[in-house]
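K.L.:
Assemble chains B, C, D, E, F and G onto chain A, guided by the hints.
Residue numbers (the working numbering), protein chains in the order written: chain A, 851 to 929; chain B, 851 to 929; chain C, 851 to 929; chain D, 851 to 929; chain E, 851 to 929; chain F, 851 to 929; chain G, 851 to 929.
I should point out that these hints are in silico values taken from the structure, not numbers from a laboratory. None of these values were measured; they are calculated from a predicted model. Every residue, glycine too, gets a C-beta built ideally from N, C-alpha and C. All clues stand as given, with none of them false.
Calculated Cβ distances over 12 Å to all of chain E for the following chain D residues:
1. 870
2. 904
3. 905
4. 906
5. 927
Facing chain E, from chain D, some residues (calculated, C-beta under 8 Å):
6. 875
7. 877
8. 886
9. 889
10. 893
11. 895
12. 913
13. 914
14. 915
15. 916
16. 917
17. 920
Each chain, letter by letter, is given below.
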Amino acid sequence: MKQVAEKRPFDILNNALNTNVLVKLKGDVEVRGVLSSFDVHMNIVIENGEELKGGELKRKLGTVLLRGDTIVFVSPSAP
Amino acid sequence: MKQVAEKRPFDILNNALNTNVLVKLKGDVEVRGVLSSFDVHMNIVIENGEELKGGELKRKLGTVLLRGDTIVFVSPSAP
Amino acid sequence: MKQVAEKRPFDILNNALNTNVLVKLKGDVEVRGVLSSFDVHMNIVIENGEELKGGELKRKLGTVLLRGDTIVFVSPSAP
Amino acid sequence: MKQVAEKRPFDILNNALNTNVLVKLKGDVEVRGVLSSFDVHMNIVIENGEELKGGELKRKLGTVLLRGDTIVFVSPSAP
Amino acid sequence: MKQVAEKRPFDILNNALNTNVLVKLKGDVEVRGVLSSFDVHMNIVIENGEELKGGELKRKLGTVLLRGDTIVFVSPSAP
Amino acid sequence: MKQVAEKRPFDILNNALNTNVLVKLKGDVEVRGVLSSFDVHMNIVIENGEELKGGELKRKLGTVLLRGDTIVFVSPSAP
Amino acid sequence: MKQVAEKRPFDILNNALNTNVLVKLKGDVEVRGVLSSFDVHMNIVIENGEELKGGELKRKLGTVLLRGDTIVFVSPSAP
Numbered sequence: 851m852k853q854v855a856e857k858r859p860f861d862i863l864n865n866a867l868n869t870n871v872l873v874k875l876k877g878d879v880e881v882r883g884v885l886s887s888f889d890v891h892m893n894i895v896i897e898n899g900e901e902l903k904g905g906e907l908k909r910k911l912g913t914v915l916l917r918g919d920t921i922v923f924v925s926p927s928a929p
Numbered sequence: 851m852k853q854v855a856e857k858r859p860f861d862i863l864n865n866a867l868n869t870n871v872l873v874k875l876k877g878d879v880e881v882r883g884v885l886s887s888f889d890v891h892m893n894i895v896i897e898n899g900e901e902l903k904g905g906e907l908k909r910k911l912g913t914v915l916l917r918g919d920t921i922v923f924v925s926p927s928a929p
Numbered sequence: 851m852k853q854v855a856e857k858r859p860f861d862i863l864n865n866a867l868n869t870n871v872l873v874k875l876k877g878d879v880e881v882r883g884v885l886s887s888f889d890v891h892m893n894i895v896i897e898n899g900e901e902l903k904g905g906e907l908k909r910k911l912g913t914v915l916l917r918g919d920t921i922v923f924v925s926p927s928a929p
Numbered sequence: 851m852k853q854v855a856e857k858r859p860f861d862i863l864n865n866a867l868n869t870n871v872l873v874k875l876k877g878d879v880e881v882r883g884v885l886s887s888f889d890v891h892m893n894i895v896i897e898n899g900e901e902l903k904g905g906e907l908k909r910k911l912g913t914v915l916l917r918g919d920t921i922v923f924v925s926p927s928a929p
Numbered sequence: 851m852k853q854v855a856e857k858r859p860f861d862i863l864n865n866a867l868n869t870n871v872l873v874k875l876k877g878d879v880e881v882r883g884v885l886s887s888f889d890v891h892m893n894i895v896i897e898n899g900e901e902l903k904g905g906e907l908k909r910k911l912g913t914v915l916l917r918g919d920t921i922v923f924v925s926p927s928a929p
Numbered sequence: 851m852k853q854v855a856e857k858r859p860f861d862i863l864n865n866a867l868n869t870n871v872l873v874k875l876k877g878d879v880e881v882r883g884v885l886s887s888f889d890v891h892m893n894i895v896i897e898n899g900e901e902l903k904g905g906e907l908k909r910k911l912g913t914v915l916l917r918g919d920t921i922v923f924v925s926p927s928a929p
Numbered sequence: 851m852k853q854v855a856e857k858r859p860f861d862i863l864n865n866a867l868n869t870n871v872l873v874k875l876k877g878d879v880e881v882r883g884v885l886s887s888f889d890v891h892m893n894i895v896i897e898n899g900e901e902l903k904g905g906e907l908k909r910k911l912g913t914v915l916l917r918g919d920t921i922v923f924v925s926p927s928a929p
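Only chain A is shown next, with the shape it has when bound in the complex:
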């Protein structure tokens, strides 16, 4: 496992707990809100979530569980 960097990708999820993140899902849907929990499959819970479509607010979701295998990326610092 020498080829694996010492910093690990999931560290950024751990560091982003309780802060705002932007999650891009397959099929041009995005969810923005506070990262509340995640697991090793990248299943993610967002609090105060908002569903975005084409960058526009589509609706407020409140608490939402995002299934890991539909996630394209998670950004803790996107505007």
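P.N.:
Showing chains B, C, D, E, F and G alone in chain A's frame:
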């Protein structure tokens, strides 16, 4: 497994048992109804389910088993 | 496994054996008929099956084995 | 495994050996012919196979090995 | 494993070694040529391969390794 | 494992740590930025990330975790 | 494993190391260049890579890591 938060994503399914949830599926289909059961694959049973398309009621499904790998998100608090 | 509810999603398949079910498949195809058997992969056999497209009868299939990973949902009580 | 019915889905493949079946594949392709063999992955060999597109004969395939994970359904009794 | 037929699907690949086959891939691409080798994942090597699109020769590929999970079907006897 | 070359594909990720890379994702999205970490699933963290669509800057993402199974390619030397 | 031919598909990757190959990816993208390394998942590194779209050069990629599960075929002898 240090990188995994102590709150776990499936907790929100457990907390939402017997309450209304909104489930978004791949392919622009949504199902709304009472969460009755789920398993580790995120297979979910909804009671009094309604199938929505484009936000409109398409038909009443009653009891429905949703296959986990078609789920995009589950929201216990969406309007 | 504390987070898994005591009722299990596959229970509704077991309860629906020998009754009418509606199965939605990926790609906007639906099959309606009598649930005859299923396995842990959600492979399902329907007897007296009818293939529906856009809600209309496309053709009668008789006995049909539906592959689990193409299933979106199974509803024992859809109209 | 109490939730699994005693009849098993693959039984209908076993019973259909050496008879005509209709196989629907992902992407609106169908193959019709005599079921010659299958395995646990639902890989299937059809003899005297015909490829159908939109219900019309597209070409004769003779012997053809269908990969299991492209199968939507198999019907031994479709017209 | 009682439900598995004694003839096995991969037998037809074994029997087709060094003969012409037609391979249909996902996304409406086909490759025709001499079956040179295969493995348990259905990865396949074709010699003197030709890529077809809509039934027409698109280009000559010579030797080509086809990834198993993109294969829809393999026919040793298609015209 | 004789067929595996001594140079390994993940070596180029290791060599590219802390340098600019271009990542092409499924669905015609690209992300450009500094490779910060990766794991064996090819989950990748990019710092100072920019999301590109059709070659044009769509927005600045800052830190972003890209899920491995949405990646098409990673190029450390693309312009 | 009697059904597996003695020549193995990955042999052609091994034989093609340090020579030009054409790699077709899902989504109508192709990459051409020198095969530098590969692994058992068919992850592949190409040196002096060129991205092609519709047969035309889209851009030069230099070194590029192609994720195995996006590969349709690899041809060491395509023109």
